[in-house]
Amino acid sequence: MEKKELWEELSFEINNIPKIKESFEDDDEKAILGSGNKNANLLFIGDEIDLYETEDLKVMVASSGEFLIKLCDMAGFIPEDYYITTLTKCSLKYKDLFEEEQNYLKELLDMQIAITEPKIIVTFGQYSAEALLGREINFGKERGKFIDWKGGIKVLITYDVRFVKEARENTGRNSTVAIDFWKDLLLAKKELEKLIKQHEKEGKVPRLFLHACCAPCSSYVLEYLSRFFSVTVFFYNPNISPKEEYEKRVAEIRRLISEMKFLHPVALVEGEYRPCLLYTSPSPRDGLL
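Going by this note's numbering, the first residue of the sequence shown is number 1, and it counts up by one from there.
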């Protein structure tokens with residue numbers, strides 16, 4: 001079965017759990033399974049509905065998700081590095097469900113992990129850690145240390161994001177909780193880079209398909225990503241007007257790629273400039289689907 005079909009099956013199962021269906025105000029509303037890169041090496045698991053709003057890392061202002069993504073940016077993660085999910089995929093808290101419901105969600109979480117195939121999992125809070133590991137944990141002793149889990153996956157336990165955010169707001173930068181959480185993120189980043197370097201030694205250079213809007217926005221991104229990936233830059237921007245501006249941007253990104261020094265190959269693929277497609281519905285014959 002293709003990964004896409006597995007994701008669809010997982011979504012069907014989750015969205016047909018009675019309590020999850022009842023948690024939505026709108027009958028047409030669906031649970032979002034997670035947000036970010038579904039093929040990322042790093043998976044974040046929490047129990048807070050506001051860790052993400054959409055599948056592409058859109059978050060509410062002043063939410064736990066915004067707080068987490070800002071810290072990830074500061075730690076040097078890029079959006080392609082990670083995927084965020086929650087235990088219930090809705091506003092319900094895992095601890096408030098019956099044991100039978102918890103066990104079923106745990107089975108579905110295992111399925112999600114199997115599809116995603118992460119190398120590192122970071123759990124936010126005690127409930128997320130215990131749900132994943134299937135046992136009680138000593139949070140004080142086990143937080144901030146990697147645990148070898150099944151399939152060779154490493155698990156790192158850390159604080160609940162909302163708890164960290166509130167501690168940071170209440171006690172400032174010197175909050176012990178916030179400092180420890182920051183150290184845990186850096187530990188995950190270090191382990192991720194170690195993993196990527198190991199792949200490089202084995203001759204495994206992953207490929208990345210990256211959409212770009214212009215050269216200035218792409219410069220540092222390409223400098224960073226090319227250390228770990230063989231990158232194909234896709235310049236497809238029929239929304240740019242007039243055509244002269246479009247042509248300038250294409251020329252600049254082509255020049256940027258030709259003049260920059262990269263550790264791994266970076267290639268440019270240019271899509272067709274067809275602004276008319278913005279005003280018509282996409283169809284297979286347009287080459288968009």
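Some clues are possibly wrong.
[What the hints assert, rightly or not] Listed next, the in silico DSSO-like pairs over lysine-lysine satisfying Cα-Cα at most 30 Å (straight line):
| id | residue 1 | residue 2 |
| --- | --- | --- |
| 1 | K38 | K21 |
| 2 | K201 | K189 |
| 3 | K119 | K106 |
| 4 | K150 | K183 |
| 5 | K93 | K141 |
Everything labelled a hint here was simulated from the structure, so no lab data went into it.
Against the structure, the hints:
At roughly 24 Å between alpha-carbon atoms, K38 and K21 fall within 30 Å of each other, so this suggested pair holds. Our distance criterion of 30 Å between C-alpha atoms is met by K201 and K189, whose separation comes to about 19 Å. The straight-line distance between the Cα atoms of K119 and K106 is roughly 19 Å, inside the 30 Å bound, and the hint therefore holds. For the suggested pair K150 and K183, the alpha carbons sit about 25 Å apart, so the restraint of at most 30 Å is met.
Between K93 and K141, the direct Cα distance comes to roughly 24 Å. Compliance with the 30 Å bound is thereby established for this hinted pair.
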